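**Q** The chain contents come next:
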Amino acid sequence: MDWGNILGNAVGELISPTTAAYALAAIGLGVHFGYTGLLNFGQAAFMLIGAYGFAIPTISFGAPLPVAVLCALIASVLFALFLGIPTLRLRADYLAIVTIAAAEVVRYIVTTTGLTDVTGAANGLSGFKGTFAASNPIPDGTYGFGPFTYNAYDWWVRIVGWGLVILASVLVFLLMRSPWGRIVKGIREDEDAVRSLGKNVFSYKMQALVMGGVMGSIAGIVFILPRAVQPANYTTGLTFFIWTIMLLGGAATIFGPIVGSMIFWVVLSLTQGVLYGAIESGFLGFLSTTQAGQIRFMLVGIALMLLVIFRPQGIFGNKKELSFSV
Amino acid sequence: MSDPIDGGTTTPEAIPTTHPFVKGEVGPGCAKVDPIVVADGVSRAFGGLKAVDVAHLEIPRGKITALIGPNGAGKTTMFNLLTGFDKPNTGTWDFNGRSLAGVPAFKVARAGMVRTFQLTKSLGRLTVLQNMLLGATKQPGENIFTALVRPLWKSREAEITVKADELLERFKLDAKREDYAASLSGGQRKLLEMARALMSDPELIMLDEPMAGVNPALTQSLLGHIRNLKSDGTSVLFVEHDMHMVMHISDWVIVMAEGTIVAEGPPDTVMKDPAVIDAYLGAHHDTDLSDLTGDDHVVEDAQAAAEAVHQQQSKEKKA
Chain A
3 MDWGNILGNA VGELISPTTA AYALAAIGLG VHFGYTGLLN FGQAAFMLIG
53 AYGFAIPTIS FGAPLPVAVL CALIASVLFA LFLGIPTLRL RADYLAIVTI
103 AAAEVVRYIV TTTGLTDVTG AANGLSGFKG TFAASNPIPD GTYGFGPFTY
153 NAYDWWVRIV GWGLVILASV LVFLLMRSPW GRIVKGIRED EDAVRSLGKN
203 VFSYKMQALV MGGVMGSIAG IVFILPRAVQ PANYTTGLTF FIWTIMLLGG
253 AATIFGPIVG SMIFWVVLSL TQGVLYGAIE SGFLGFLSTT QAGQIRFMLV
303 GIALMLLVIF RPQGIFGNKK ELSFSV
Chain B
37 MSDPIDGGTT TPEAIPTTHP FVKGEVGPGC AKVDPIVVAD GVSRAFGGLK
87 AVDVAHLEIP RGKITALIGP NGAGKTTMFN LLTGFDKPNT GTWDFNGRSL
137 AGVPAFKVAR AGMVRTFQLT KSLGRLTVLQ NMLLGATKQP GENIFTALVR
187 PLWKSREAEI TVKADELLER FKLDAKREDY AASLSGGQRK LLEMARALMS
237 DPELIMLDEP MAGVNPALTQ SLLGHIRNLK SDGTSVLFVE HDMHMVMHIS
287 DWVIVMAEGT IVAEGPPDTV MKDPAVIDAY LGAHHDTDLS DLTGDDHVVE
337 DAQAAAEAVH QQQSKEKKA
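Quick mapping for you: the protein sequence lines, in order, are chains A and B. First residue of the first sequence? That's 3 in the working numbering, and the numbers climb one at a time after it. First residue of the second sequence? That's 37 in the working numbering, and the numbers climb one at a time after it.
Just so you know, these hints were derived from the structure itself, not from any lab. These figures come from a predicted structure and were not determined experimentally. Mixed in with the good hints, there may be bad ones.
[Said to hold, decoys possible] To give an idea of the chain A side of the interface with chain B (calculated C-beta under 7 angstroms), a few residues: (1) 177; (2) 180; (3) 192; (4) 209.
Even for Gly, the Cβ is constructed at its ideal location relative to N, Cα and C.
Please work from the sequences and hints to get the whole structure.
**A** Written out as structure tokens, the structure reads:
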């Protein structure tokens with residue numbers, strides 16, 4: 003087993019753009035669930051809408067970078083309104099059902115062969131990175147040291163991705179210490195009480211849904227910058243990974259989603275490296291590498307269960323806050 | 037009572053038929069000199085059951101009004117309807133001359149009609165102070181954009197914090213200021229909910245069983261708070277089963293039974309109204325409970341039997 007390589011790959015995940023994308027999506031989900039109490043089981047759909055909303059205008063219409071980003075944002079705002087208007091007046095569980103269904107619906111829509119010209123159907127989309135690469139101020143070349151050696155494009159993706167993570171975290175911090183944050187947290191506790199105090203609960207829930215959804219769609223853009231758009235990436239599995247990350251770090255915390263995402267990806271990379279290494283060296287000869295890949299996600303499932311049972315508040319969560327059964 | 041509901045019953049004392057609050061004669065649904073809430077034809081059915089069917093109701097301004105009645109009389113449903121938490125099948129009502137029928141709950145609260153809940157709704161994972169601040173109005177930081185810039189809402193936050201601290205002190209919750217509301221006892225949550233409702237300086241505060249689960253010493257101070265509200269010019273409407281409290285502080289009593297208003301009047305006369313005794317108080321309402329459950333089982337049994345017969349008769353009369 004090449005331990006140096008395994009550890010190098012794992013450490014590289016700490017700042018990978020995928021980690022940043024998952025962290026962003028988890029920050030958005032934290033606004034939904036952690037602060038406002040909205041059960042959104044369709045965060046993958048917001049990521050999908052971000053990805054396609056950015057890629058389609060770029061490929062089909064040659065839209066410049068800011069226009070493509072704007073398209074993605076507008077699409078996710080519309081999607082949030084579309085989900086929220088019928089469900090936010092109802093009890094919390096309705097949103098959960100509607101979001102999980104809507105996420106599957108949009109995934110099937112982009113996979114439809116009838117839309118191959120636009121969405122690429124099951125093959126997805128590629129060739130949308132030109133405008134982003136052109137915005138890169140870093141001169142061509144390879145930079146960094148050890149496991150953190152990347153070319154100019156890869157550095158630019160990481161810088162932009164983590165810059166957006168920091169921006170989103172600051173935004174959430176500013177909002178949650180404000181009276182606005184007090185109201186959404188109040189809604190999480192008991193929306194009728196907040197309504198009886200003269201606050202327009204529906205409007206606040208909608209604002210939170212839109213904000214978390216926009217963060218999800220930005221995450222979707224960051225997610226596709228190092229790869230192609232693949233509809234198979236946006237299954238409910240993606241949503242549950244983001245839930246895992248959010249719960250791992252702590253649902254209503256600022257650093258929780260970031261650290262949760264880092265741990266999630268480092269552990270996935272480590273287990274993959276160790277399992278593959280063990281198979282290659284004949285140590286686990288009865289397993290194929292495909293099976294090993296599946297085992298990693300079983301481990302994720304077990305970790306999620308243990309987490310919810312033994313540390314429901316996550317790593318950064320306030321134990322006291324969760325110790326009350328309200 | 038000028039128009040006794042069960043015509044046959046003779047009343048032991050003459051009941052005054054006029055009152056300074058009332059235009060014309062006192063009776064169920066009578067018009068008030070200065071009403072703050074006027075409701076007409078409000079009805080709400082759950083399936084086949086008519087939970088509320090009120091032809092006319094007026095709540096006097098600047099007074100403490102008690103809404104009493106047996107369990108299932110429709111008191112809480114009436115609260116929910118008036119405050120926009122439930123939609124009636126029919127009916128209109130206005131508050132301060134402004135129609136509130138079909139207005140959502142948060143706008144009712146903003147109009148100055150704030151309620152509390154029978155089952156307290158304290159916001160557990162917010163601190164007591166945050167609970168209080170949530171009750172305040174005109175905080176610009178509640179807008180998502182101004183929220184981002186602290187200087188825009190800092191001064192208002194300081195103002196409402198001062199106000200919240202005053203109220204917390206008045207309700208003896210100041211020591212709990214930084215604790216999570218979930219750590220409060222049931223009685224303290226009642227206090228917190230009432231204090232929180234007062235943050236917006238409502239014109240009419242509607243308290244749904246404010247004394248349930250509150251210990252006697254605290255009840256005394258709560259009664260004091262409610263009286264103070266009245267002297268500050270706030271109108272109070274409350275639902276309560278504790279007759280001592282009702283007799284003690286209310287200026288006006290409205291009695292509901294089976295969804296309708298069966299009687300109203302000042303507390304001392306309403307308690308003598310046969311309709312009220314039948315529907316709610318029971319024959320032994322002014323007897324000490326220990327007299328009923330004491331050693332003299334023979335007397336107790338005889339009384340119980342007499343009461344059963346009495347109730348049977350009144351049921352037949354209604355049917």
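**Q** Each hint: holds or not?
**A** These are the hints, each one checked on the structure:
1. 177: holds (6 angstroms)
2. 180: holds (4 angstroms)
3. 192: holds (5 angstroms)
4. 209: holds (5 angstroms)
The structure fails none of the hints (numbered hints given earlier).
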